[in-house]
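Going down the list, the protein sequences come from chains F and S.
Residue numbers for the first sequence follow this note's numbering, so the first one is 1 and each next one is one higher.
Residue numbers for the second sequence follow this note's numbering, so the first one is 1001 and each next one is one higher.
No lab work stands behind these hints: they were computed from the structure.
Ideal Cβ positions, reconstructed from N, Cα and C, are used throughout, including at glycine.
Mixed in with the good hints there might be a few duds.
A short, non-exhaustive set of chain S residues, derived as facing chain F with CB atoms under 7 angstroms [said to hold, decoys possible]:
{"#": "1", "residue": "CYS1020"}
{"#": "2", "residue": "GLY1021"}
{"#": "3", "residue": "ALA1030"}
{"#": "4", "residue": "LYS1032"}
The calculated label-pair distances, taken between Cβ atoms and stated as ranges, are [stated by the list, open to error]:
{"#": "5", "chain 1": "S", "residue 1": "ASP1074", "chain 2": "F", "residue 2": "PRO63", "range": "24 to 34 angstroms"}
{"#": "6", "chain 1": "F", "residue 1": "ALA233", "chain 2": "S", "residue 2": "GLU1256", "range": "49 to 59 angstroms"}
{"#": "7", "chain 1": "F", "residue 1": "GLU320", "chain 2": "S", "residue 2": "GLY1196", "range": "54 to 64 angstroms"}
{"#": "8", "chain 1": "F", "residue 1": "LYS316", "chain 2": "S", "residue 2": "TYR1042", "range": "55 to 65 angstroms"}
{"#": "9", "chain 1": "S", "residue 1": "ARG1093", "chain 2": "F", "residue 2": "THR275", "range": "34 to 44 angstroms"}
Next come the chains, spelled out residue by residue.
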Amino acid sequence: MERQKPAALIIGAGIAGIQAALDIADAGFPVYLVEREPSIGGRMAQLDKTFPTLDCSSCILTPKMVDADQHPNINLMTYSEVDSVERDGGGFHVRVRKKARYVDADTCKGCGDCAEACRMKDRISSDFDEGIANRSAIYVPFPQAVPLVYTIDPQSCLYLTRGVCGRTFKCKDACPADAIDFEQEDEVVELDVQAIIVATGFDLIDPHTKPEYGYGVYPEVMTAIEFERLSDASGPSKGEVFVPEKDRRGNVVMSDRKPEDVVFIKCVGSRDPHTGVPYCSRVCCMYTAKHAHLIREKVPDANITVFYMDVRAFGKGYEEFYDRVRHERVNYRRGEPSEVYRQGDKLVVLAEDTTLGEPVEVEADLVVLATAVVPRMDVPQVAEALGLDRSPDGFFQEADLKLRPVDTNVDNIFVAGCCQSPKDIPDTVAQAKAAASSALRALVRAREAVPA
Amino acid sequence: MALKTAKMAEQLELFGCIQCGKCTGGCPVARKTTLNIRDLIYHMLVDSDMDLDVHEDLWDCTACFTCVERCPKDVQPAELVIALRGELVEGGRIPETIGTALMSIFRQGNPSSMARQDRDLWAEGIEDSLEQAKQAAQEGCDLLYFVGCIPSYDTRVQPVARALMRAFEKADLDVGVLGTDETCCGNEVRRMGEVGLFEMLVEENGEILRSVGARRIVSTSPHCFNTFRNEYDLADADGDPMEILHYTQLLARLIEEGELTFGGSLAAEDGEKKLITYHDPCFLGKQNQIFDEPRAIIEALPGAELVEMDRNRERSLCCEGGGGRMWVEGTNLEERLAFQRVQEAADTGADVLAVACPFCLLTLEDAVKVQGLDEQLQVMDIMELVDLVLEEDVSNPADEE
């Protein structure tokens, strides 16, 4: 009897997990790619353009997502979570919980008729769109989702929360494939793997931790990730940038006003031991330059100000991009703003321009906060389950910062991407490839081992 | 007078500063005077000497501590101002009015050049309550009420202290008062740079306050509250840390627990509610994160409706009464922050600008008068509002079964 091929488990299917999965699968080993969300793609799927080349993020990501889905050696397990990991010889025995989608993944055609019909249509805040757009209770996070299978959100579905959804199920009635199944239950799958790559990504700091900037008070103050969704052609405003406002019910909606004055504030929470984030988030300088560029493109007459403490443009092509953006009539002013408040129709950003050496008040219709990259909220639980160490900043600890950057304190468990520390896409992909290479080493060894 | 910078720069850990300017950017007085705390830090780092005689603007700082709260690197910019003032105090180069206040505190235990034995003046009309509370302090009590200098002597603020006593009585609290044994807490003394006097006050007050053995201490002023909470080491009779409360915390708790109920209403005769906006004092809000309790009290007042100013909570604009500024005008008399603040309050359409600090009460009320807003906007301490609805304890018969 042929022995089963050693397999790898990858936790998290953002660009790091996808890239590592493709490399291992291409080398001929089976990969289980586990993703908590209904679709793979992670943070990169949320981004509009990518610096410094301005490639459309989903245009370069989607083909990789499709490759991962169609690869014969990759078993995609979306809407699934790792329940437990036990050491088993050199490998691991893993339980993965495939959460009930209440939609049969094999029969769903992804047509979206269910979401159109849903009684909660446009009433549920979309996580993928960072709350600046709404969805139905049955949904795909974004149109290019992989797999293109609808999922019922048990937190907001009327039937699943209250036991009743009118006289008939609107979604069930609408579905041409009869794919909706309210009887579906979570399913636990048991796997044996020889290597694990942790690629669980990052969160962003809650902007309310900096109350001086008025996030949540003023609709015109938004985070950079919200701006990505606003700027994205597949986002709620089809890529046009409008000034957000509050409607009569207090919900943030888009006005039909284009911003005349846009202010970017960098290092919101980052480099700030006071907030518990002593490190630099590494991506904000460049995405802020990108955002300034996007504003110039979409609102040619806007006054654009970037307040900064330092500009860190360290990667290949980065300084050149920063140069280009300044030439696009973007004012870089040195000084970390201290406060945002309202004056009439405008917001006022209060700062010291340290080059002038005097306090300044800069008007704004839109203020974009470059919020700090922080460890995922559930890092402590994941660390506990896998036995992984964490560094003082809260991210997973690599075995050696310089010489063993993807190894961990546990043999055959590797890290890739922002779960180890904040990093941009080029560094993430490089680290994913390194983690794949290290995992492959473990898989090849397991294959070559003499059977007992 | 020239200061050698090296030692102080190191002691205050100014080398942690990255010159981001968030301190000066948020400094309420930097917009109206030459004081630039970021620039001062830089000169402390790169110059070997600093000529303090040219820095009259050091007395502009209100010790609101916005800079300290917001500094990303945990440099404490305002502490540099305090330290430099300390050098000036040491060298005897201080504004005359500051000198007078400090001398009065040293001699009479209050900054207002009032006699120590007159400290009970605030209790006019409630002498019996005062005597009882003084007795309680002697014999041991659960709660010690620290009246504070301004509420004791300033006729505008005295009613606040009396109202507080009435509320304590109504809630049936076992409360003690030190009477003429009470001495300035020293909060402003430290911020004026008089470290020696401050340390003396901490020692002497600490001894007196500990000797009462009370489990908790409550103060009228956020300034006393701040120093007791953060700069003293107070203990009760068992040696456990004393609970340090501002009166808004205590009252909010009493209201929530049903220990303090109201009979009257602030509403007009036609039932229209009184619109109240609330100004967060720096020493209560920014510096001690007490934002909710004062609002909870206002919202619990019958016939009252709370409206917020645009800048509230952490973004509240300093009234310029702290850090010794009650006793020195600063270098820009014309553009007072209090003027701006009362205009912001008036813009909300409120009938009352409520405060929870004696200094704010005085500076903002003055500003309302100077700005000619006194017809439309009344400045009141929250305690005075409470007092208005406390006494009419005749329940509406219609409400009773």
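Outcome of the hint check:
1. The interface hint given for CYS1020 (chain S) holds, since its Cβ lies 4 angstroms from the closest Cβ of chain F, which is under the 7 angstroms cut-off.
2. For GLY1021 (chain S), the suggested interface contact is upheld, since its CB lies about 4 angstroms from the closest CB of chain F, less than 7 angstroms.
3. Annotation: interface hint on ALA1030 (chain S) holds; nearest CB of chain F at approximately 5 angstroms, less than 7 angstroms.
4. Taken as an interface hint, LYS1032 (chain S) does not check out: its beta carbon lies about 9 angstroms from the nearest beta carbon of chain F, beyond 7 angstroms.
5. About 46 angstroms separates the C-beta atoms of ASP1074 (chain S) and PRO63 (chain F), a value inconsistent with the hinted range of 24 to 34 angstroms.
6. Between ALA233 (chain F) and GLU1256 (chain S) the CB atoms are about 51 angstroms apart, so this pair conforms to the stated range of 49 to 59 angstroms.
7. Between GLU320 (chain F) and GLY1196 (chain S), the C-beta spacing of about 59 angstroms keeps the proposed range 54 to 64 angstroms intact.
8. The supplied range of 55 to 65 angstroms is broken by LYS316 (chain F) and TYR1042 (chain S), whose beta-carbon atoms lie about 34 angstroms from each other.
9. A beta carbon spacing of about 38 angstroms between ARG1093 (chain S) and THR275 (chain F) agrees with the range 34 to 44 angstroms that was offered as a hint.
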